[in-house]
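Based on the hints, put chain B in the right spot on chain A.
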Amino acid sequence: MRALGQIATLVRKDLLVEWRGRARLFSVLLFGAVTLLLFSFAVGPDSLALRAAAAGFLVLALLLSSTMGLSESFRVEQEQRALEGLLLLPVEPVALFYGKALANTVFLLLLAPILIPVALVLYAVELEAARILGLLGLWALAAAGLSAPGTLYAAMTSRLQSQDVLLPLLLFPLVVPVLMASVKSADLILTGDPMAQMRSWLVLLIGFDVIYWSLCGVLFPYAVQEAQ
Amino acid sequence: MTKRLTWDGALGIAGVLLFLVGSYIGLFVAPAERHMGDVQRIMYVHLPSAWISMLCFTAAFGFAVASLWTSKPRWDRAMTGAIEVGVVLNALLLIQGMIWARPTWGVWWDWDVRLTTSLVMMLLFAGVLAFRAFIEDPERRAAWSAVAAIISFVDVPLVYFCVRWWRSIHQIQSTPSTVDPAMVLPLRINSFAVLFIAIWMIVQRARLEAESASGERVPEPSRLAPSEGAEHA
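In the order they appear, the protein sequences are chains A and B.
Per my numbering, the very first residue in the first sequence carries number 1; after that it's consecutive.
Per my numbering, the very first residue in the second sequence carries number 1; after that it's consecutive.
The shape of chain B in the complex, shown without the other chains:
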């Protein structure tokens, strides 16, 4: 029996393919940056990670509000998926940033506003996940982790302003008008690629959560039926 392709599965495959195309263009077709050279090519994964992780946390905030409002478990599952994917992308973002910063700034880390804010943001949401793991009752877990997600999300702009007044050497945000068109194309492709992969993973994660909540997997008839060869092998 062939497994039917779900919409999120299709989105995931599209995301991976787009990511391959975007990274190929970014690595081999787009010109090298004049001052930074090839190191700059990390931008093609760095910026999409940054954008999509922020998007994931924003979505998680929305899901958390919906979860408290309606008490429906599906919002809680979506929130968990969004926070988990957001934390992973955020960790990747920090690692890519450090790889880029070492040859460019000469240091692995700098107390720059966006670096520090993303680090605090990751710790905030990783804390929500750790907190969640300790709560056994499902209804209580949904309510409490939504509360923690909401107050964590509200904190992010405050942290940003705080660190900004500290000091900053991070580059000013680029816009498509300040970047060579040959660089914009792989950036756009990879952003959509990461977005599609993120949505796919969030949906998968939410589905997994739902299955472990119900405690029973929907049995696939073909798997349950004893196959001819296996028993006598």
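Isolated chain A (complex conformation):
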């Protein structure tokens, strides 16, 4: 119970810092929208081709935005050595991990209300409300899958030179299953699922989330231990 309280406090702290700054969320949102625009230039003004690639582009926009958000979330902690301060508090490092990872997931969730409509408009996809809800649920699962390993890696790379190169270098190959499963499921939501394949992709995505949310929690204390 105490750990849950600590996690909640940490999430609140992160979201408060985020809210007071606001510039980070705004710039990452803008970045995501710009990537969505650029992807459409790669295909050309062919609405059929754009619609076919819409799911992939949307998930890639989330992935690219997530690295910006993740590395930024620990850069804040590095400034004025706030992370060391946090570790000096009577807080379990595991609670610290789950607090950070949850805050990062919420941060990525906040991108959805802007990026999903932008993608639907730009790529000329028409969707009814129920499917948009499905897309939001999928977005949450994908955001969770990116946040767990992303938070662990960002905790380490933010303390190194060349962090901006290292985080995507480590994270992108690792999240290949998240990428594949969410692109496939998003595609099934956008274009219909006559073969009922959705279930197996969702199981895979949830499996990834469960495995990495547990494993990264176990490994996080090793990633921050010498700062203790």
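Calculated from the structure, these hints are not laboratory results.
One should not assume that every hint holds.
[What the hints assert, rightly or not] With a Cα cut of at most 20 Å, we get these calculated SDA-like pairs of lysine to any residue: (1) B:Lys72 <-> B:Arg140; (2) B:Lys72 <-> B:Arg141; (3) B:Lys72 <-> A:Ala23; (4) B:Lys72 <-> A:Gln225; (5) B:Lys72 <-> A:Glu126.
What follows is chain B alone, placed relative to chain A:
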């Protein structure tokens, strides 16, 4: 002074000799495959590379767990060696595969499950090596690269299942019972050859890491003593 042969050196020499014998049998003695012809002979290096690179990554995972558990530097060194040898074998595997795929499938690359998984696996572990190179403090380097190696290794089966649901045209794995005995022999010999060479290289790499960590090489008396001829030459 003669240098004494270490066990891993002996293993390395045995590996090279076995590799020569296995490749000779594979290239000249074993029959050509009926449909693919001589192209199939690349199997005698391709399969051993695949098996042993996977073995190297599995060993690296074990060493990484041991390194986090005990914090002993020797596990970290063994892990580095295993990842490096694994990445090199994995790169060789992909190149051999492409050389084989071009005449057989008509393309250099295909999004097949094992191809894609090995590519992602190589990128994962090459990333761990790149990450490692940026960490200066040795204890931090050991802990962080072990963490990265563990989460990378756990990812491999997930990637495999993902790509499998995508699509697949790779051959179904052969077993000794489906392969001509004349082909099994060079395959077995080369597998052990690559295994021995890999162990030898991992041990060498770990030793090199230990030496660069201590910052001092054990001086060899014969080298330090000024030789008679050299000074007046």
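Hints, verified against the model:
At most 20 Å may separate the alpha-carbon atoms for a hinted pair to count; Lys72 of chain B and Arg140 of chain B meet this at roughly 12 Å. A threshold of 20 Å between alpha carbons decides the hint, and for Lys72 of chain B with Arg141 of chain B the separation of about 12 Å falls inside it, so the pair holds. Only pairs whose Cα atoms come within 20 Å are accepted, and Lys72 of chain B paired with Ala23 of chain A is rejected, the gap being roughly 44 Å. A threshold of 20 Å between alpha carbons decides the hint, and for Lys72 of chain B with Gln225 of chain A the separation of about 16 Å falls inside it, so the pair holds.
Restraint check: the Cα-Cα separation between Lys72 of chain B and Glu126 of chain A comes to about 58 Å, which exceeds 20 Å; the hinted pair is violated.
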